[in-house]
Amino acid sequence: MLLGASGAGKSTLLLALAGLLDPANAGEAEGSLTIDGLHPRDARDRTGLVLQDPEAQLVMAHAGDDVAFGPENRAVPPEAIWPLVDAALAAVGFPYERDRRTDRLSGGEQQRLAFAGVLALSPRLLLLDEPTANLDPTGAGLVRQALTAVQQATGATTILVEHRIAEALPMVDRVVVLEANADVLADGPPAEIFSRHGDRLAEAGVWVPNHALSNRRVEAHPSVTAAELTQRPDRSSGDALLIAADVGFRHRGAPEPAVCQVSTTLRAGEALAVVGPNGSGKSTLATMLAGLVAPTTGTVKATRKLAGGFAATPPHRWHAAALADRIGMVFQDPEHQFLTERVRDELAFGPTRRGAAASEVRRRVDALLDRLHLIHLADANPFTLSGGEKRRLSVATALTTEPAVLVLDEPTFGQDRRTWLEIVDLLANHRDAGGAVLAVTHDQAVVSSLANRVLTLDRGHTADSAGVAR
Amino acid sequence: MVLDVHTVAVPTGRLARANPTAKLAACLLLGLGAALSDDALTPAVLLAFVVLALAVGGIRITHVLRRGWPLLVSAAGLGATTLLFGDSPTPGLTALTVTIRVLAVALPGVVVLLTIDPTDLADSLVQNARVPARFAYASLAALRLLPLLALEWRTIKMARRARGVDAGRNPIRHAQLFAGTVFTLLVGAVRRATRIALAMDARGFDAAGPRTVARPQVIRPSDVALIAGAVALIAVAVAVSIAFGTFRPIWA
Chain E
1 MLLGASGAGK STLLLALAGL LDPANAGEAE GSLTIDGLHP RDARDRTGLV
51 LQDPEAQLVM AHAGDDVAFG PENRAVPPEA IWPLVDAALA AVGFPYERDR
101 RTDRLSGGEQ QRLAFAGVLA LSPRLLLLDE PTANLDPTGA GLVRQALTAV
151 QQATGATTIL VEHRIAEALP MVDRVVVLEA NADVLADGPP AEIFSRHGDR
201 LAEAGVWVPN HALSNRRVEA HPSVTAAELT QRPDRSSGDA LLIAADVGFR
251 HRGAPEPAVC QVSTTLRAGE ALAVVGPNGS GKSTLATMLA GLVAPTTGTV
301 KATRKLAGGF AATPPHRWHA AALADRIGMV FQDPEHQFLT ERVRDELAFG
351 PTRRGAAASE VRRRVDALLD RLHLIHLADA NPFTLSGGEK RRLSVATALT
401 TEPAVLVLDE PTFGQDRRTW LEIVDLLANH RDAGGAVLAV THDQAVVSSL
451 ANRVLTLDRG HTADSAGVAR
Chain W
1 MVLDVHTVAV PTGRLARANP TAKLAACLLL GLGAALSDDA LTPAVLLAFV
51 VLALAVGGIR ITHVLRRGWP LLVSAAGLGA TTLLFGDSPT PGLTALTVTI
101 RVLAVALPGV VVLLTIDPTD LADSLVQNAR VPARFAYASL AALRLLPLLA
151 LEWRTIKMAR RARGVDAGRN PIRHAQLFAG TVFTLLVGAV RRATRIALAM
201 DARGFDAAGP RTVARPQVIR PSDVALIAGA VALIAVAVAV SIAFGTFRPI
251 WA
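Chains E and W, in that order, are what the protein sequence lines are.
Going by this note's numbering, the first sequence opens with residue 1, and the numbers climb by one from there.
Going by this note's numbering, the second sequence opens with residue 1, and the numbers climb by one from there.
Pulled out of the complex, with its shape left as it was, chain E reads as follows (with noise of 0.2 Å):
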């Protein structure tokens, strides 16, 4: 396993590996890698690659024709390539024929699909660049199951990032940490270099297991531990803000709905997570109850106290400026939400548009920068940041608007754990400002330590509705 913080250059090492770097687009290459004494283009033939994002990494719109897909490249002769595409499909545990349309996988079938056309070219060294960061826990369990079963059908040495360790360390005897100026910090057996590095580790973003979160001073309340702030009170006497009455959604021509039948009330100072599987409306939910998407059946409701003259009519008919001044909303993607060519324009967008003194704007664009850490990013393009610093940008943005109603969508998705801390940080700071707070979400270190109260959807419809019991 290869571990190190964001920018210790880890997917630059896997795909030099893999023989898939540029020379042409290095600025500077030293020092030599071989693979079985051979140079990495050279040794191509032997390696496979598995990446984070399975819509990217298929090809064919079949899944049999997929796995094939390498096995051709490579010059199998053609009688030879299905018997080897059914028994890589096998190896993986992929549940249906080889005629199954790609698109109509989840991700985690899509990952599996992806290491089994991996597999069907027999590597002896497996690179995988955190394939599960993408998935949702179910997804992610099945993959690496497949993962362990390929490694004992190949024996083939794998090299695995990852940003989760505790889930992937049973399949793993050695780990690598790699630091920013792309030294070998260490290098040795999981446990000696999670007992001797871990502090540092965890410092520098590493997700090490059992390194507890509530450790850590928490920066905006400098007088509690995290453990602390995660004793919540019950908020069910806050005002209300939102008011969702039987929401549904149905695609346009889609059997059944996304969402059915959904009643929930955020209130001030509260936060709701929304959980379930991949595919159960918890996204569609989130969009409706952010006003951005009418709801086909039921109604959201703005109250008095959240939207003054507004509450009269449903969010998702105010105009744009209204709603976000009122309810903001954090998507996956944060690329999705850039308006601006410099991190400091896109900090100041809001602030700007609501018509603040240039140098309030100023003042607060600079707390913001200090706050998040980006400040020696301020005049960068937001496009070039890495995963990280977007993710906090863009929940920086929403809340340069004041909304008191903050909707996330996966918040936490994929990020190291000096981010993830910062992200749950701000939230905490809203929902205890007297904001509401809801995130959609995988993550049970999200729920655990901000939600009051939990909402399970299970295809569209409510599976339950709890307090955090803790």
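Bear in mind the hints are in silico, worked out from the structure with no lab data behind them.
A portion of the hints provided could be inaccurate.
As the list claims (entries may be wrong) - Result set (DSS-like, lysine-lysine): computed pairs, CA atoms no more than 30 Å apart in a straight line:
# : chain 1 : residue 1 : chain 2 : residue 2
1 : E       : Lys305    : W       : Lys157
2 : W       : Lys157    : E       : Lys301
3 : E       : Lys390    : W       : Lys157
To be verified - Label pairs and their computed distance ranges (CB to CB):
#  : chain 1 : residue 1 : chain 2 : residue 2 : range
4  : E       : Asp246    : W       : Ala189    : 58 to 64 Å
5  : E       : Asp36     : W       : Val182    : 43 to 49 Å
6  : W       : Ala189    : E       : Gly31     : 30 to 36 Å
7  : W       : Ala189    : E       : Arg101    : 43 to 49 Å
8  : E       : Asp246    : W       : Ser74     : 38 to 44 Å
9  : W       : Ile172    : E       : Glu360    : 25 to 31 Å
10 : E       : Thr296    : W       : Ser222    : 47 to 53 Å
11 : W       : Ser74     : E       : Arg104    : 30 to 36 Å
12 : E       : His39     : W       : Ile172    : 53 to 59 Å
13 : W       : Ala55     : E       : Arg101    : 28 to 34 Å
14 : E       : Asp36     : W       : Phe183    : 40 to 46 Å
Glycine included, every Cβ here is placed at the ideal spot set by N, Cα and C.
Could you slot chain W onto chain E? The hints should help.
Frame of chain E, contents of chain W only:
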């Protein structure tokens, strides 16, 4: 966009099983034949034969109509426009000619689109028409990403509204907003395309050596007959038109 062969064609029908390259060639020939003549009779004869051939070849005409109705509407619309605003001495005949020509040119194309699976087409073009594999399969991968782009477009529009940006009734703001959304969509598309190209190369797509095929596509005698049939149809249509003295090629 789901192109599902089996809703349009009887799966065992002759046209459904025909080689995609042969089908594409026949369709191009028929379209060219219909476009080359400026009279009503040549495309009318062609159109009649094509409809007949579809029925014999196992294509469900009702399904084609269900999918291809916009074609009918636009052909009729063109005819109506010619009838109302044209300056021809015989407006009725000219309108009819326009309608029939549009249908005769487009119908084979629509049927080809509806009855060829994109994967089969790529396989066949590579194997039978010597189209470079790199081009064919990269296009196929791109085609697979199209529905994702449509989804992403909607998401970006929502995400911008959430930032407090909408155009209201201002047309200039509409244009600016549209341009911004296109930019974000393109950034995402380029990024995704780069990643998919990387994943394809990791599985040996950029290898210089020979490639094998898992799904062989062969040109059978029946496929040659299909192309020959298309040429024969054009010949018959032109002959009929000449016999009736109406034939008028567009270059005359």
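Against the structure, the hints come out as follows:
no., hint, in the structure
1, E/Lys305 with W/Lys157, "28 Å, holds"
2, W/Lys157 with E/Lys301, "22 Å, holds"
3, E/Lys390 with W/Lys157, "19 Å, holds"
4, E/Asp246 with W/Ala189: 58 to 64 Å, "38 Å, violated"
5, E/Asp36 with W/Val182: 43 to 49 Å, "47 Å, holds"
6, W/Ala189 with E/Gly31: 30 to 36 Å, "35 Å, holds"
7, W/Ala189 with E/Arg101: 43 to 49 Å, "22 Å, violated"
8, E/Asp246 with W/Ser74: 38 to 44 Å, "43 Å, holds"
9, W/Ile172 with E/Glu360: 25 to 31 Å, "28 Å, holds"
10, E/Thr296 with W/Ser222: 47 to 53 Å, "50 Å, holds"
11, W/Ser74 with E/Arg104: 30 to 36 Å, "32 Å, holds"
12, E/His39 with W/Ile172: 53 to 59 Å, "56 Å, holds"
13, W/Ala55 with E/Arg101: 28 to 34 Å, "29 Å, holds"
14, E/Asp36 with W/Phe183: 40 to 46 Å, "45 Å, holds"
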